[in-house]
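Engineer: Build the full structure now, drawing on both the sequences and the hints.
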Amino acid sequence: GQSVASEGECAKYSACEWTEGQCHMRANSEAGYRVVSRVEDGGAGFKLHLQKIDPYSTLFDNDAQNLMFEVNYHEDYHVQVKISPRDEERYEVPVPLNLPESPTSTGQMYFVNTSEVGEAFWFSVKRAGSSNGMSLFSTEGPLTFEDQFIQITAALTSSYLYGFGENTHTKFRHRFSPRQTFPIFARDQPVGEGDMNEYGHHPYYVNIDPDTGEAYSVLFFNSNAMEYSTFLLADGRPALTLRSIGGIVDLHFFLGPSLEDINKQYTNMIGKPVFPPYWSLGFHLSRYGYGSTENVRVVRERMKAMGIPQDVQTCDIDYMNRYRDFTYDLDAWGDFPDLVQELHNDDVKLTLILDPALVTDWANYPPGQRGKDRDVYIKWASPEYIPGDQDTSYSDYMVGYVWPDTKTVFPDFLNPETQAWWGDELKLFHETLSIDALWIDMNEPINFNLHLCLTSFILIFYHLTHPPTNGNQTFLHYDVHSLYGWSETVATYKNAGIQPLRRANGGRRHLRLLRRARHGDVRAVDAAGGLLPLQPHSSHTCPYSPHSHIHLNIPLLPSYLPNPHTHPHTPHTYPHPLTLTFTFHPLTPLILYPHSPHFPLTLIFTFTFPSFSLLTQTPLILTLIPLTLIFTFTLLSYSPTHPSYLPSFPSLSPRTSRNHNTIDTADQDPAAWPEVAEISREYLLLRYQYLPYLYALFHRAHMHGESVVRPVFSLSPNDLTALDVDDQFLWGDGIMVAPVVTQGATGREGEWYDLQTGVRKASGPAHSEYVEAPLERIPVYARGGVAIPYQNPFGITVALNATGGASGEVFWDDGDGEHSMDEAFLGVRVFVFAEDTLTMTVAHSTDPVHGLKLETLQFFGYPSNPAGVQVNGVDLPASEWAFNGDVLSVFLSVPLGEDLLSLSLVMCIF
Numbered sequence: 001g002q003s004v005a006s007e008g009e010c011a012k013y014s015a016c017e018w019t020e021g022q023c024h025m026r027a028n029s030e031a032g033y034r035v036v037s038r039v040e041d042g043g044a045g046f047k048l049h050l051q052k053i054d055p056y057s058t059l060f061d062n063d064a065q066n067l068m069f070e071v072n073y074h075e076d077y078h079v080q081v082k083i084s085p086r087d088e089e090r091y092e093v094p095v096p097l098n099l100p101e102s103p104t105s106t107g108q109m110y111f112v113n114t115s116e117v118g119e120a121f122w123f124s125v126k127r128a129g130s131s132n133g134m135s136l137f138s139t140e141g142p143l144t145f146e147d148q149f150i151q152i153t154a155a156l157t158s159s160y161l162y163g164f165g166e167n168t169h170t171k172f173r174h175r176f177s178p179r180q181t182f183p184i185f186a187r188d189q190p191v192g193e194g195d196m197n198e199y200g201h202h203p204y205y206v207n208i209d210p211d212t213g214e215a216y217s218v219l220f221f222n223s224n225a226m227e228y229s230t231f232l233l234a235d236g237r238p239a240l241t242l243r244s245i246g247g248i249v250d251l252h253f254f255l256g257p258s259l260e261d262i263n264k265q266y267t268n269m270i271g272k273p274v275f276p277p278y279w280s281l282g283f284h285l286s287r288y289g290y291g292s293t294e295n296v297r298v299v300r301e302r303m304k305a306m307g308i309p310q311d312v313q314t315c316d317i318d319y320m321n322r323y324r325d326f327t328y329d330l331d332a333w334g335d336f337p338d339l340v341q342e343l344h345n346d347d348v349k350l351t352l353i354l355d356p357a358l359v360t361d362w363a364n365y366p367p368g369q370r371g372k373d374r375d376v377y378i379k380w381a382s383p384e385y386i387p388g389d390q391d392t393s394y395s396d397y398m399v400g401y402v403w404p405d406t407k408t409v410f411p412d413f414l415n416p417e418t419q420a421w422w423g424d425e426l427k428l429f430h431e432t433l434s435i436d437a438l439w440i441d442m443n444e445p446i447n448f449n450l451h452l453c454l455t456s457f458i459l460i461f462y463h464l465t466h467p468p469t470n471g472n473q474t475f476l477h478y479d480v481h482s483l484y485g486w487s488e489t490v491a492t493y494k495n496a497g498i499q500p501l502r503r504a505n506g507g508r509r510h511l512r513l514l515r516r517a518r519h520g521d522v523r524a525v526d527a528a529g530g531l532l533p534l535q536p537h538s539s540h541t542c543p544y545s546p547h548s549h550i551h552l553n554i555p556l557l558p559s560y561l562p563n564p565h566t567h568p569h570t571p572h573t574y575p576h577p578l579t580l581t582f583t584f585h586p587l588t589p590l591i592l593y594p595h596s597p598h599f600p601l602t603l604i605f606t607f608t609f610p611s612f613s614l615l616t617q618t619p620l621i622l623t624l625i626p627l628t629l630i631f632t633f634t635l636l637s638y639s640p641t642h643p644s645y646l647p648s649f650p651s652l653s654p655r656t657s658r659n660h661n662t663i664d665t666a667d668q669d670p671a672a673w674p675e676v677a678e679i680s681r682e683y684l685l686l687r688y689q690y691l692p693y694l695y696a697l698f699h700r701a702h703m704h705g706e707s708v709v710r711p712v713f714s715l716s717p718n719d720l721t722a723l724d725v726d727d728q729f730l731w732g733d734g735i736m737v738a739p740v741v742t743q744g745a746t747g748r749e750g751e752w753y754d755l756q757t758g759v760r761k762a763s764g765p766a767h768s769e770y771v772e773a774p775l776e777r778i779p780v781y782a783r784g785g786v787a788i789p790y791q792n793p794f795g796i797t798v799a800l801n802a803t804g805g806a807s808g809e810v811f812w813d814d815g816d817g818e819h820s821m822d823e824a825f826l827g828v829r830v831f832v833f834a835e836d837t838l839t840m841t842v843a844h845s846t847d848p849v850h851g852l853k854l855e856t857l858q859f860f861g862y863p864s865n866p867a868g869v870q871v872n873g874v875d876l877p878a879s880e881w882a883f884n885g886d887v888l889s890v891f892l893s894v895p896l897g898e899d900l901l902s903l904s905l906v907m908c909i910f
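Numbering (UniProt numbering), first residue to last: 1 to 910.
In case anyone wonders, no lab produced these hints; they're calculated from the structure. What you are looking at is a predicted structure, and each value in this text was computed from that prediction instead of being measured. A portion of the hints provided could be inaccurate.
Claimed, not checked - Pair by pair, the computed Cβ-Cβ distance ranges are:
#1 T212 <-> Y56: 43 to 51 Å
#2 S258 <-> V39: 29 to 37 Å
#3 R86 <-> F448: 41 to 49 Å
#4 S893 <-> A44: 57 to 65 Å
#5 D361 <-> L232: 54 to 62 Å
#6 E146 <-> T212: 32 to 40 Å
Where is the CB? At the ideal position from N, CA and C, for every residue including glycine.
Structural biologist: In structure tokens:
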């Protein structure tokens with residue numbers, strides 16, 4: 001953490017001492033806590049009473065003299081460790097977790113060891129039956145527990161540490177030498193240089209033992225501002241320090257041991273991701289600065305003329321009347337309802353942005369007045385904190401400025417009355433405009449300035465209060481600031497917001513996007529990058545650089561894009577996507593910042609282009625287009641006059657594909673240039689082709705907590721090379737993307753085929769090799785052993801493994817209704833080379849696939865042209881299949897809902 005440069009400075013902290021030219025914590029036996037007593041809890045865990053050894057040993061004062069160390073056994077894979085004051089109430093995160101009422105363990109996968117009564121306190125968590133006896137988490141040095149400073153340090157299993165966010169770090173895997181420290185606190189901060197905290201709050205990490213491939217994860221369940229440090233202990237062991245300025249120590253350990261086991265265990269506690277409507281996986285066109293309905297129409301017609309598919313039109317805050325929520329500009333957007341109908345006639349959905357701050361122009365702004373009548377806004381904690389010149393009509397509300405041209409107040413979404421009011425306003429607005437999706441933004445929350453325009457909002461957090469949520473509890477904004485986006489999400493989804501809108505639209509699924517997120521948001525919303533441009537930061541502009549510098553980090557995007565007008569920057573990466581893969585937000589945006597050295601790529605496919613001046617750099621732009629279209633949610637914005645940053649909020653699963661632009665810039669929709677339009681159409685159609693596979697992955701995420709986008713090492717977690725691969729990623733376990741921004745692809749063990757041609761590209765042990773990759777093309781591979789559904793026409797790519805087998809499933813429902821397995825189709829298919837037979841077993845309802853036929857099968861890796869093909873015992877004519885030396889294609893027409901499909905291939909005998 002803090003660097004102390006002199007012995008005199010070190011002496012200010014009585015918990016520290018100066019030795020050998022360094023300031024460090026005193027020994028645990030001097031500055032820590034002692035175990036006073038131990039109480040067993042009937043098999044459900046145990047508790048220790050801890051007491052401060054030296055009451056005068058402190059860092060910043062107000063140390064808790066007595067603590068309770070509590071161990072709770074939950075599932076056999078999940079143990080909770082809590083440390084809190086023994087004699088006083090202390091703020092704890094009010095987000096509900098799915099915890100069993102009593103232990104459900106039948107064979108614990110963990111041991112929690114502690115010091116004995118009378119000894120200096122320490123604890124460790126170990127994996128039961130561990131072959132190497134290593135601890136997963138073993139405390140080192142003294143525990144610090146003060147009123148506004150908590151610190152705990154532990155040695156880890158290994159240096160293969162992933163996760164945490166949102167902040168900018170240079171690699172997907174954290175580094176331990178030299179020491180690095182990163183902050184976590186929700187903040188209106190787009191990607192930039194330096195160790196800065198950004199939009200989201202994700203104190204969750206994964207640690208992997210490279211010898212065994214076993215993984216575990218830890219959630220530090222704390223919503224206060226915090227930071228973490230990674231470093232090496234004196235004996236070379238990797239260590240992690242966690243710090244917070246409030247709350248308690250509440251650690252949840254998930255024992256895995258596989259990466260997907262961890263994902264399922266974690267989401268079993270925080271909640272499974274929402275299931276997106278099928279249309280939300282299509283292409284989204286968006287910008288801040290359309291300016292009028294007419295401009296939206298012009299771009300829409302251009303898209304249709306170029307044959308570029310589009311499922312969603314998104315409008316940023318410029319549609320509003322003076323940036324006021326629940327309004328639209330009656331001049332430039334006066335026929336907005338007509339435009340909405342035109343979009344719906346084209347089967348295009350509409351997404352609108354909403355910000356949480358409302359103006360205080362009570363007399364001329366009914367939504368704000370209705371909120372005032374119901375007392376729904378955040379207040380100062382005490383009258384003494386209210387600025388002396390605050391208008392009395394603002395009562396005791398905290399007043400600030402955001403985008404509107406007048407003062408604003410902030411809804412207190414922890415208040416049930418606020419949630420009900422917000423839902424009522426959404427319903428009223430929906431009666432005016434038939435929107436299909438909401439993008440809730442600026443919900444860190446952000447306040448540009450206090451009403452006096454002097455003091456930063458961040459300096460007065462401690463004095464703001466949220467009214468009671470359950471009749472007897474009031475929260476300081478100091479504690480719950482990073483929960484604001486979560487609470488708005490709950491209000492939007494649950495409390496008379498999205499659910500009534502669903503009923504108004506016949507029970508259809510809606511899409512909710514939010515910028516600021518934390519664990520727990522996944523149950524109600526998808527994380528999507530906020531897209532509002534912020535103030536320019538010229539120091540972050542980037543120079544032109546060769547193609548080799550566009551470095552992708554796992555599903556993260558490049559280190560930087562070129563700006564020919566500035567000098568070179570050291571490449572940085574923004575490992576949001578895969579990092580947040582571990583936090584489970586199925587809809588996360590891939591966001592490109594052409595003027596920033598950091599290109600967070602999230603899990604959504606979308607593509608965006610820089611302005612025309614950058615587009616003239618054809619090799620560069622042709623590299624970006626296919627890459628962004630293969631991801632889930634990509635945003636790319638460029639300003640011809642200054643760097644424009646888009647708030648990004650990456651997460652963990654591929655979902656939407658979006659092109660977003662900012663205000664006062666040239667058009668950058670894919671139809672704006674013929675060359676771009678052609679490539680865009682090609683790669684969007686490739687993405688659309690495999691949407692059935694992506695949709696099935698989201699189904700499994702929603703039902704089972706499985707991840708959609710995965711790191712390459714998920715297939716081989718004890719492969720040291722794979723553990724450091726940060727320029728490739730997986731869709732599920734069947735498709736690997738190896739972006740063109742690299743010069744070679746690192747293949748994992750097994751069979752790998754070019755997804756577009758079916759040519760076998762790798763076989764056998766894991767290795768790296770160079771691949772042909774023209775600038776306009778991104779290498780995408782199918783993994784042997786996986787059967788992948790596709791559409792237009794509906795078919796299955798059967799990529800055979802070394803033994804000639806492949807398996808997979810098709811999931812299908814009506815695409816946007818409530819998710820119900822009783823009303824969904826699930827087909828499980830298996831191909832076994834030894835018998836040359838493909839079978840499909842139908843589970844659940846066949847109604848959703850009524851009239852839908854399986855029309856093509858592609859076998860990758862089939863050895864030769866078969867002598868014959870039979871479907872359900874009937875021979876197909878020779879014209880119904882083709883073999884080109886790499887791929888066997890079979891053309892058929894079989895109802896997808898049949899109970900059993902049997903397709904047999906007759907091998908040629910030579």
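Engineer: Each of the hints needs a verdict: does it hold here or not?
Structural biologist: Status of each hint after checking the structure:
no. : hint                      : result
1   : T212 <-> Y56: 43 to 51 Å  : 45 Å, holds
2   : S258 <-> V39: 29 to 37 Å  : 35 Å, holds
3   : R86 <-> F448: 41 to 49 Å  : 42 Å, holds
4   : S893 <-> A44: 57 to 65 Å  : 59 Å, holds
5   : D361 <-> L232: 54 to 62 Å : 57 Å, holds
6   : E146 <-> T212: 32 to 40 Å : 38 Å, holds
In summary, this structure violates none of the numbered hints.
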